[in-house]
Structures are given as C-alpha cells and as structure tokens.
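K.L.:
Residue numbers (our numbering), protein chains in the order written: chain A, 1 to 269; chain B, 1 to 341.
Take every hint as true, because none was put in to throw you off.
Here are the simulated distance ranges between beta carbons: (1) 145/A to 17/B: 55 to 65 Å; (2) 339/B to 66/A: 41 to 51 Å; (3) 222/B to 112/A: 35 to 45 Å.
Among chain B residues calculated to face chain A with C-beta under 8 Å, some are: (4) 171; (5) 201; (6) 243; (7) 252; (8) 253; (9) 258; (10) 270; (11) 284; (12) 327.
Chain A is nowhere near these chain B residues, computed Cβ spacing over 10 Å in every case: (13) 111; (14) 186; (15) 334; (16) 340.
Hints were generated in silico from the structure; no laboratory data involved. In this text, a Cβ means the ideal position worked out from N, Cα and C, and glycines have one as well.
Listed below, chain by chain, are the residues.
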Amino acid sequence: MKEKRFIVDTTLRDGEQSPGLAFSVEQKVRIAMMLEDLGVYQIEAGIPALGAAEKEAIIEIMHTKKHVTVSAWNRMSVSDINHSVECRPDIIHISMPVSYVQIYTKLRKNKKWLLKMAVECVALARERGCRVTAGFEDASRADIGFLLTLTEQLVRLGVEYVRYADTVGVLYPSRAQENVRTIISSTGMPVEFHAHNDLGMASANSIMALRGGAKYVDCTLLGIGERAGNCGLGRFLLAADGLYDMGVSKKKATVVEEQLRSLLTGSIS
Amino acid sequence: MIRLTDTTLTHMPSAEKYDRAKIFRFCRLLYLVGVDYIEMPSMMYARIINTDCRPEEPELISPHKADAENNDGIDAGSFVLHIELDEQMQSFPEISKFVCRSCEDVTDARLINERQINDIREINRLRGTSRLSRVRVKGMDDILLKDYVQVFSQMQSYLGKEYEFCPQDSFGMATATAVEWANLGGTRLVTSFGGIGNCAPTEEVLMALRINKRHHLNHDMTVMPQLKLLVEEMTGVMFSPQKPILGSKIFRVEAGIHADGIEKDPYTYEPYEPGSVGTTRALVVGKHSGTKAIEIKLSQLQIPYFHDELLSLLRNVQAESMRIGRSLTDEEFIMIVRNTK
Numbered sequence: 001m002k003e004k005r006f007i008v009d010t011t012l013r014d015g016e017q018s019p020g021l022a023f024s025v026e027q028k029v030r031i032a033m034m035l036e037d038l039g040v041y042q043i044e045a046g047i048p049a050l051g052a053a054e055k056e057a058i059i060e061i062m063h064t065k066k067h068v069t070v071s072a073w074n075r076m077s078v079s080d081i082n083h084s085v086e087c088r089p090d091i092i093h094i095s096m097p098v099s100y101v102q103i104y105t106k107l108r109k110n111k112k113w114l115l116k117m118a119v120e121c122v123a124l125a126r127e128r129g130c131r132v133t134a135g136f137e138d139a140s141r142a143d144i145g146f147l148l149t150l151t152e153q154l155v156r157l158g159v160e161y162v163r164y165a166d167t168v169g170v171l172y173p174s175r176a177q178e179n180v181r182t183i184i185s186s187t188g189m190p191v192e193f194h195a196h197n198d199l200g201m202a203s204a205n206s207i208m209a210l211r212g213g214a215k216y217v218d219c220t221l222l223g224i225g226e227r228a229g230n231c232g233l234g235r236f237l238l239a240a241d242g243l244y245d246m247g248v249s250k251k252k253a254t255v256v257e258e259q260l261r262s263l264l265t266g267s268i269s
Numbered sequence: 001m002i003r004l005t006d007t008t009l010t011h012m013p014s015a016e017k018y019d020r021a022k023i024f025r026f027c028r029l030l031y032l033v034g035v036d037y038i039e040m041p042s043m044m045y046a047r048i049i050n051t052d053c054r055p056e057e058p059e060l061i062s063p064h065k066a067d068a069e070n071n072d073g074i075d076a077g078s079f080v081l082h083i084e085l086d087e088q089m090q091s092f093p094e095i096s097k098f099v100c101r102s103c104e105d106v107t108d109a110r111l112i113n114e115r116q117i118n119d120i121r122e123i124n125r126l127r128g129t130s131r132l133s134r135v136r137v138k139g140m141d142d143i144l145l146k147d148y149v150q151v152f153s154q155m156q157s158y159l160g161k162e163y164e165f166c167p168q169d170s171f172g173m174a175t176a177t178a179v180e181w182a183n184l185g186g187t188r189l190v191t192s193f194g195g196i197g198n199c200a201p202t203e204e205v206l207m208a209l210r211i212n213k214r215h216h217l218n219h220d221m222t223v224m225p226q227l228k229l230l231v232e233e234m235t236g237v238m239f240s241p242q243k244p245i246l247g248s249k250i251f252r253v254e255a256g257i258h259a260d261g262i263e264k265d266p267y268t269y270e271p272y273e274p275g276s277v278g279t280t281r282a283l284v285v286g287k288h289s290g291t292k293a294i295e296i297k298l299s300q301l302q303i304p305y306f307h308d309e310l311l312s313l314l315r316n317v318q319a320e321s322m323r324i325g326r327s328l329t330d331e332e333f334i335m336i337v338r339n340t341k
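Please build the complete structure, drawing on both the sequences and the hints.
P.N.:
Here's what the structure looks like:
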C-alpha cells in the first residue's frame with residue numbers, strides 16, 4: 001500500500017502571479033470548485049491584502065466549498081493578517097523571507113527582527129482562533145541553522161507545518177531531500193515543499209522532498225507561476241503516482257488542466 | 001570534467017531538408033553554449049560535408065573558437081555519428097566517435113554501444129558489456145523514484161567511470177537525473193536542445209551544472225535565443241513561453257513583492273541574470289502589482305507623478321486588469337494614468 005501524502009494547490013495564488021494572468025472572482029471560484037472535485041487536500045485561494053475583489057473571491061470560495069481546506073496567503077504583516085481573518089479561511093499562511101538576501105537586501109532588516117515579527121504575526125493569527133502555517137520564502141538559499149531556530153519557535157507557537165520554498169528554483173533533488181529531512185528530524189515539524197521550475201527540476205525536487213519526509217507538496221495546474229512556473233500537477237502526478245497516494249487521479253488532473261487551458265486561452269500561450 | 005553530447009540533430013525527422021549552413025550554424029551555437037560533442041545521423045553528416053566538396057572545405061577549427069556567424073569550418077573530432085551498421089564507420093575515417101544501437105558485439109574503440117535500460121531490473125544486462133570499449137546507457141526515466149545512488153554505483157562497477165548516460169524524460173525528471181548523476185561523479189552526459197526526443201534539455205543541464213557545480217562558467221550562453229529560434233525554425237515546434245531558460249516570458253515580473261525585490265537587487269527573485277541567457281527582464285503591471293511596481297513603471301515611461309496618486313492609480317490598474325483578464329500593455333497603462341489624473 002502506498003504512503004499517503006497531500007497536494008496543496010496554489011494555482012489561485014502563486015499560479016495566478018504568473019505575469020499576464022488575472023482571474024476574475026467568478027473564474028477563481030470556478031477553478032476552486034474544479035480543484036475540490038479533483039480531490040486536492042488544500043487550495044491556496046489567494047492574497048486577501050490584494051484588495052476587495054480578491055477578498056470577495058476567497059469569501060465566495062469558503063461559502064461554496066464542501067470539504068477541501070482553504071488557505072489565504074499573507075506577508076509577515078499585521079494588516080495582511082487582518083485582511084485574511086475577515087475572509088475566514090481554514091488556514092492563515094504567513095510567508096517569512098528567510099534567506100539573507102531576502103532579509104537584508106529586500107526587507108532591509110535583520111534576523112532578530114525577522115524572528116520577532118514571525119512570532120508577533122503567528123501569535124496574532126492564533127489569538128484570532130486561526131489555524132496557522134508558515135512559509136519559508138527562499139529557504140533553498142537560507143542558512144539551515146537559522147531555519148531550525150525559526151522552526152523551533154514556530155513549533156512552540158502552534159504552527160501546524162512549515163513550507164520549504166525553493167523560491168528561485170535552484171535546488172537539486174538530493175539537497176531538497178536532505179534539507180527537508182533535517183528540518184523534520186531536528187524539530188518534529190511537518191514540512192510542505194514548494195518548488196519552482198527555473199532549471200526544469202520542480203517535479204523531481206518535489207518527489208525527493210517527499211522521500212525526505214515532506215507531507216505536503218505544492219502544485220499548480222499546468223505548472224503556471226512566476227518565471228518558468230511551479231511544480232505542474234499533472235506532470236508531478238506522473239512520477240509521484242509510482243510511490244505515493246496523493247489522493248488525486250492522474251487522468252482527472254489531465255482533464256482539469258485542459259479545462260483550465262481552455263479557460264485561459266490567450267493568457268498562457 | 002563533465003563532457004556533454006547533444007543529440008538534437010538525431011531527433012529531427014525531416015533533417016534532410018535543412019541546408020548545410022543552417023546545420024553548421026546550429027552546431028557552432030551549441031559549441032558556444034558549452035556542448036562538447038554533437039551527434040547527428042551519418043547520412044546528415046555525409047550530406048553536409050559532401051565528400052565531393054571536401055578539397056574545397058575551409059580550414060577546420062577548434063570548436064571552442066568557433067564563431068557562430070562567420071566561420072564555415074568545424075572540427076570533425078567534435079562530431080559523433082549515429083550509425084545503424086558498424087561497416088558505416090569505414091566511410092568516415094576522420095570521425096573518432098560513432099553511436100550504434102544494433103552493433104551489440106562490435107568492440108571497435110570508436111564505437112559507443114547504446115543500451116536502453118527502462119527498468120532497474122534490466123541493469124544486470126550491462127554486466128557483460130565490460131569487453132566493449134564504450135557504452136551509452138539510455139532511459140532510466142524513473143530512477144529518482146528508486147535508490148538511484150546504489151543503482152549508479154552498480155552501473156559504474158559494471159561499466160567503469162567512462163560510460164555515457166542519457167537519462168530520458170517520460171516522467172519530467174531527466175534534468176534532475178542528469179544533475180544527480182553528475183553530482184555522484186558521472187562525467188559523460190547525453191542531452192538534446194529543448195529536450196527534443198525525450199532527452200534531458202541541454203540548456204537546463206548546462207545551467208543547472210553552471211549554478212550547482214560551476215561547470216563551464218566561461219561559455220557564452222547569451223546565444224540561447226538564437227539557438228531557440230533556429231530549432232523552432234527547423235522543427236516547426238514552438239517552445240512554451242514558460243520553458244526554463246528559453247521561454248519568452250520567464251523574466252517578466254508583475255507581483256508587487258517581486259517587483260520591489262528585483263528593483264532592490266535582482267538576485268532576490270532571479271536564479272540567474274537574464275542577460276546571461278541573452279534576454280532581458282520586463283516589468284508588467286496588473287492585478288498583482290503594488291504601488292512600488294506602479295512607481296517603477298511610471299519612471300520607466302518617464303511619466304511625472306505625485307506619491308498621493310499612486311494608490312488610486314494602483315486600484316484602477318488592478319480593476320482594469322481583472323476586467324480584461326490579463327496584465328496591461330504600456331499603452332493601456334498610459335491611458336489609465338491619463339484617466340486617473
């Protein structure tokens with residue numbers, strides 16, 4: 001019997017960030033329902049802080065969905081989390097830039113600040129009664145020691161699992177496996193893996209993260225996403241199906257990807 | 001030292017229709033990006049070299065000094081010919097490498113015996129090949145799902161260190177397989193441009209090795225767009241705008257958080273410089289933009305603005321983007337700026 005693992009679909013968040021794409025509220029709800037029918041474990045539905053239309057879409061998805069878990073993406077910001085809480089998603093996902101280039105160059109802050117903000121933001125969401133997951137942005141270029149320190153804090157705060165993101169797609173399979181394994185064995189925290197396809201290795205890296213113990217893998221329909229895209233669901237299932245029960249049929253995934261292709265004609269060609 | 005053989009020309013079904021100049025140009029561009037050997041069908045080589053014309057051939061040159069535009073010569077030692085029968089080797093005395101799938105018992109030192117291995121249970125078939133001077137192992141599409149470290153080690157024990165490996169891509173893992181194989185000490189990889197023929201894409205393997213192993217840092221990958229156009233022209237198949245390394249849209253950026261990060265330092269959200277593969281980044285605005293992206297776009301278009309206008313402008317850009325279902329062109333953005341003021 002194959003081991004059970006889970007798909008977190010981020011078509012409606014990271015997928016939509018593919019330049020050129022802009023889903024309407026109706027499209028987002030329709031795609032979410034397609035994903036629920038497909039059997040994905042979780043839908044990352046969007047970024048409430050983007051504005052009223054995005055919030056409307058997430059609220060509508062929450063009203064329409066039956067069993068699927070729905071999450072909303074947030075920067076490490078009180079304002080973002082407040083927007084999310086208004087949408088009442090099942091999970092509040094808080095993204096934390098963890099590589100030095102992200103912390104020192106993009107945010108122009110330091111590690112101490114990041115640890116403090118991470119704790120504050122998680123605590124805020126937890127006080128509001130939300131389930132929280134944390135995203136380690138640019139984890140593949142981060143210091144693993146720092147990731148472990150941060151993860152230990154997040155365990156204490158009740159974060160359900162952390163997302164290890166290969167934000168710029170430079171990871172290779174054995175390192176993906178090793179880093180995921182290190183986080184799990186050192187902290188006991190479950191790991192979700194988020195790949196980008198800049199070097200054509202998103203699917204293989206995701207498989208190897210599962211082999212390293214990751215419980216969740218992020219995918220998008222047709223692999224849409226920033227730059228060369230994310231881990232494409234159909235392509236990933238081709239390989240993963242040999243080892244794991246991902247709860248999603250390969251055949252059905254292909255059909256749904258074709259439905260999305262029709263929906264997006266012109267935008268992704 | 002990792003040596004790369006590109007097999008693109010062996011996977012082009014209508015290769016006979018391409019003229020000599022085009023094929024030579026393709027070969028020179030491949031050398032420039034870091035390919036060491038180019039494999040082609042022996043019939044194609046015979047046609048482009050044309051034995052009747054050999055006395056008039058220009059001076060042969062070293063491949064790494066090859067100039068993609070100007071020099072017609074190329075080093076015959078850099079070609080690998082794909083043959084069906086071992087007798088064909090006699091017609092090409094200047095060639096030192098041949099590949100054959102059906103020449104199983106031929107032990108000629110110039111011949112690379114290609115063996116298809118689709119399942120790790122077939123690896124034992126390689127046991128008897130040590131008497132052959134060179135072997136290429138092709139296939140192993142799903143090897144990353146198995147204990148590949150042990151399998152590669154077993155292959156090495158049967159074949160020595162010098163065997164060639166051509167991972168295939170039925171599961172979308174050929175590039176990763178090639179990289180892992182190189183990480184474990186493999187030195188002779190076989191690929192094809194764009195992954196034509198179900199191989200690991202040459203350009204992905206080169207970039208992954210450059211980033212992870214600092215392989216061939218001195219090679220010129222800025223000619224990638226020329227190679228892409230040439231292959232599209234020769235095959236009639238267009239590469240996806242999202243195709244790693246080659247896609248026309250991979251360095252477009254819209255998301256506010258990314259636009260802001262790239263403005264501060266491109267390294268924040270780019271795995272390598274767009275210029276290193278002959279392309280440029282472009283900021284587009286739309287639903288996912290933030291005020292910083294709007295500010296950058298206004299500056300790029302040299303449109304004067306006040307800071308207190310940015311938020312309303314952003315809201316109008318996002319609304320229009322959602323209405324039309326895509327990002328905005330510069331013309332559409334300028335129109336919104338005019339209507340917002």
